[in-house]
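Take the given structure of chain Y and dock chains S, G and R to it, following the hints.
4 protein chains.
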Amino acid sequence: MIVITSNVTPDEQIGEIVKVIEKEGLQAHVSKGADRTVIGLIGSVSPKLSEHLRQMKGVENVVKISKSYKLASRDFHPEDTIIDIKGVKIGGKEIVIMGGPCAVESAEQIDEIAALVKAAGGQVLRGGAFKPRTGPYSFQGVGVEGLIMMQEAGKKHGLLTITEVMTPEYVDICAEYADILQIGTRNMQNFDLLRKLGTCGKPVLLKRGFSATYDELLNAAEYILAGGNPDVMLCERGIRTFESYTRNTLDLAAIPVLQQLSHLPVISDPSHGTGRRELVAPMSKASIAAGANGLIVEMHTDPDNSMTGDGVQSLFPDQFAELLQDLEKLAPLVGRTFNTEKAPAENFLSRV
Amino acid sequence: MIVITSNVTPDEQIGEIVKVIEKEGLQAHVSKGADRTVIGLIGSVSPKLSEHLRQMKGVENVVKISKSYKLASRDFHPEDTIIDIKGVKIGGKEIVIMGGPCAVESAEQIDEIAALVKAAGGQVLRGGAFKPRTGPYSFQGVGVEGLIMMQEAGKKHGLLTITEVMTPEYVDICAEYADILQIGTRNMQNFDLLRKLGTCGKPVLLKRGFSATYDELLNAAEYILAGGNPDVMLCERGIRTFESYTRNTLDLAAIPVLQQLSHLPVISDPSHGTGRRELVAPMSKASIAAGANGLIVEMHTDPDNSMTGDGVQSLFPDQFAELLQDLEKLAPLVGRTFNTEKAPAENFLSRV
Amino acid sequence: MIVITSNVTPDEQIGEIVKVIEKEGLQAHVSKGADRTVIGLIGSVSPKLSEHLRQMKGVENVVKISKSYKLASRDFHPEDTIIDIKGVKIGGKEIVIMGGPCAVESAEQIDEIAALVKAAGGQVLRGGAFKPRTGPYSFQGVGVEGLIMMQEAGKKHGLLTITEVMTPEYVDICAEYADILQIGTRNMQNFDLLRKLGTCGKPVLLKRGFSATYDELLNAAEYILAGGNPDVMLCERGIRTFESYTRNTLDLAAIPVLQQLSHLPVISDPSHGTGRRELVAPMSKASIAAGANGLIVEMHTDPDNSMTGDGVQSLFPDQFAELLQDLEKLAPLVGRTFNTEKAPAENFLSRV
Amino acid sequence: MIVITSNVTPDEQIGEIVKVIEKEGLQAHVSKGADRTVIGLIGSVSPKLSEHLRQMKGVENVVKISKSYKLASRDFHPEDTIIDIKGVKIGGKEIVIMGGPCAVESAEQIDEIAALVKAAGGQVLRGGAFKPRTGPYSFQGVGVEGLIMMQEAGKKHGLLTITEVMTPEYVDICAEYADILQIGTRNMQNFDLLRKLGTCGKPVLLKRGFSATYDELLNAAEYILAGGNPDVMLCERGIRTFESYTRNTLDLAAIPVLQQLSHLPVISDPSHGTGRRELVAPMSKASIAAGANGLIVEMHTDPDNSMTGDGVQSLFPDQFAELLQDLEKLAPLVGRTFNTEKAPAENFLSRV
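Chains as they are written, first to last, in the working numbering: chain Y, 1 to 352; chain S, 353 to 704; chain G, 705 to 1056; chain R, 1057 to 1408.
The following block holds chain Y by itself, in its conformation from the complex (with noise of 0.2 Å):
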């Protein structure tokens, strides 16, 4: 249930509209568009509440929304959510593009990297300190270090930084030092892990499972925005087909499929999306010209000798640069934006 007010309804309305429906024991989720601000109702509704909140002063409609996430949906949000980090803006005109190795490695890596990303154009620092594996005895990550030499590198370059948070008692530890966490496939559905994101005070990037359906990625991303944290990206990585020539398949569609049922800014990860290096770039481009926020993508400056065994997807720096090259072209032509404090690009090319 959503109580949309009418557009000129006072503050202290408002207030009084959230006193009568938490009387009833329910939560109210207050968002406040340009135009309007619409109230979330969590919990069951008896039909006389309804009535009533119908009735009250400022309330211009009462609406039930059987889709089984209401936050997350844009039937109560209908404007687009921009995320503002330490002023880069994820979700709005400006395209965003996080790059960097699959694992921290060491404080040269990354701070090499770190330079690498900011000279092409990139805004996020990627990088995992704790690394999900298939197996038990592959390499599991450096651990709380990685996150500090993350920081460090991100600090000195002037680049926000994304790492993935695996398991409930690591969020705190990720949250103190990364600006964006992020949950992985495998986690989309760790249900403990996504209430803890909740309550983490930093914005959480949630990558689709890799056999999710929409449905699921929207109410897993309800999870969070129930915990209290309005804060979430989405994320097509690819999902899991009959298809064995790509490690997975980028569904592409996701993209403005999710924009249409949610709010939320959706980033697509062509690296983990196609396990292959010469694929990166098209997809990239596709993804944009799809209608993507932003993309999340592997680069290294050794690939062949990744600790992670992931090089093969992971593009050199110079196609790296490259490639944001084209997407600055691509970007007015669907109605977006580039970073435009980069670095000159020829400075960065003629440098690698």
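Hints are computed from structural coordinates only; laboratory data are not their basis.
Since the structure is predicted, the reported quantities are computational estimates derived from the model, not experimental observations.
Heads up, the beta-carbon is just placed ideally off N, CA and C, and yes, glycines get one too.
Simulated pairs of lysine-lysine, DSSO-like, Cα-Cα distance not exceeding 30 Å: (1) Lys-93(Y) x Lys-681(S); (2) Lys-1145(R) x Lys-1033(G); (3) Lys-771(G) x Lys-67(Y); (4) Lys-736(G) x Lys-790(G); (5) Lys-797(G) x Lys-859(G); (6) Lys-48(Y) x Lys-67(Y).
Here chain G is said to cover these stretches of chain S; the calculated rule only asks that three of the stretch's residues, wherever they fall, bring their Cβ under 8 Å from a Cβ of chain G: (7) 476–486; (8) 517–525.
Showing chains S, G and R alone in chain Y's frame:
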């Protein structure tokens, strides 16, 4: 096995090489590139023949191809295949747009739609005369009369025509009336039909089976090529996955993958690939950004009353025209050109 | 729409009802059960006709069937269809075993294998004369000669024969030599072939497309039934999934589901369904335990040298014989009987 | 790497071998079979160590295992693992039946159902206290109180208990109250949870992820085994495919495949594997016929009013009792035995 000749080998010497191959009871497929000529051998090659060929004048190299398909492989034909149909070149720099209704319904309908396709900048008129239907009681198409109606509409408006052929005995009549024969997703492994297309004398657009791998698609193309028809286009039209919100999952990575494995043009079908009108424009743009050589798009003047019930995925004429305007701007960014002969879009849009 | 008559309606009155239906330009399919006769109407039924039928003498009820298939539906034909071929009853209490090689290779091969199938208790000899192959350069079968070899082997050893037909023009010749025509997984939606089978005069085993839903399989069967051939068996042979350890994923739930939705016999194919010899026995037993009416199993005297390369999924003769002994014990537990005419197994096993 | 000792090697010598391994900083897992002892080495083995071990007294062979999992592999542990819990042996000749509601709802409910499970011949009571739910607003279980209710019902009726644990911090409390801990399909790759289970001191039933390959399931089991807990059961519970008539596609080939690749017991879950009550009995029989070591089946006294809404896949008590009678007859045909301690079925059936 393929024989690669050196770049100055005269035609007579190519003829000598072919004679040696055919004397052993094998087929020889000659493919002339700008630089050099490549000869494909179909059949089991003895070590003795292989050695003989290697030592012939004009032979630069003899290479074993381990893929199950040969003629469809880029190893055999390193340059892009460009299919020239009455001056429209498919597979080269120009993006080719095929538009029209799911099914031909009447002479008036197809004439009206042809005018709209042409005005918007399309080069090919699509329309089904024979329809493959899951159940026996659904509308099965208007038959041969539909072919005639399409041919007339195409001629009148200066468009090529493409229509689906479902069974070997209809290949000849379809080839008589249409410029391109389309093989539907359910017939991709109808081997008898594929063999018949090898000698039909018309270019073929081969749709990927909705559960076919890239390798199976290329093997299906190989049937047509081995039959003597070099003019095959591959078409990505969505695969069947667990996600049911969209009718299929359009696998755009197929575009760069197929272009890498093969020299054949790759066309994208965002209408069947999504099954939803509102997703056709973003997925069309994404297809072109991923490198597609063209699109096949459903458009209908009255989609809600289309006879096949597929109207839900057909664009309205003004949406079609607007999409093509967007693609025209997008084309140069991916190194492509767009039809310049089209009627002025302003005229068209005001007319609709 | 179906018309259900009361249980004492004489044939003449059934004839009257049919006349009324046909006068309106519709088809009437009459299905006589033990209790009552059901008449299926194919075509669009006007409310007036529906009301007229409801009031005719002998009519108990007129029921609208919303499924896209009618004749294949259990609503239309509540009792199990039992197909009687020269005394072998498929769809009744007896479990029917079809065994033999993937492809007929020679008269000696098929004669030897027929003897083994018979000795072990099988009732039907399987073998391909025309083979559907993914690539055009693979062994495509021995053709019509193979049909003749199979017919002779079947006659000599007292077995029915089943062979795959791949294209409409071969239906007649296959129907001349074989007792059952098999439609392969890639041809399940070859609608022209299905239509031709409607008038072929022989029972048909229709394999589920490897990515077909239950609904699509039943609609494919409907094509054959609507064409006038009531003798259709459905065959589960594995579907394509992400799991690649097995060649396909044998979907055994299809057995009870199809038996619930339809009256047609359901056969399981554990050979293609798994693609691995060591899984054929457990999946055969599981198929019978799930209620299958029969099995189609590959068996070869020299699987490692089979001409199709499918030997890896063929049982050795002694494994086949042992499996049938196990199934004989299993049959009564699921309310089924097993062939009692077979040669003594001891004799057989000592001979192998 | 595994070290295989000769069959008369005394324990002291085994100890010597382990010492040599641990001195190099590796872990040694000792597995005693009836015939011989096998020692698994976890960590990177130098050629020098490998050679040293090969020449030690009592060592018959040193074998490199290329699979990513070792302790879960049958190479390392050739004999079936039999898990003995208070006298109930899982993985041996006896078929083990786990039955009960999706969720514990009240003390009365679970007590009543426990009596019915026991009377029908089951050995384990299932029931969820914490429920994983796709959306945050669904019933999430009764929590710790539910664990206590289950334990009491289990004790009173002489049943073991199994309950799902969803997060590392609940492992200890679940291990305190339940005999077996169940890991749900969405948590199969919750690596932190898997690690915690390695030291929980209780047997674990690990459900296959609904899109996990066999290899990924065995790697997930490896996490638990490598953590020191040898008592892991694998559970096939259906995979996600394109077919949506059933909730999942129960992949019964998984049973013989997993038993071939691994020594761990394999349990089948026909309730979640089909999502439809009417398919539970045929798929239960098929599972046992395919070789399953046991079943986990939902049963509810009032399925239409179950709190999780999963009642549609729960058997009624009399269906459950009838199924177990059928399985009792089926067991000897596949070389298995069935619980003989159960209360007389006649008494039970008359009581329902």
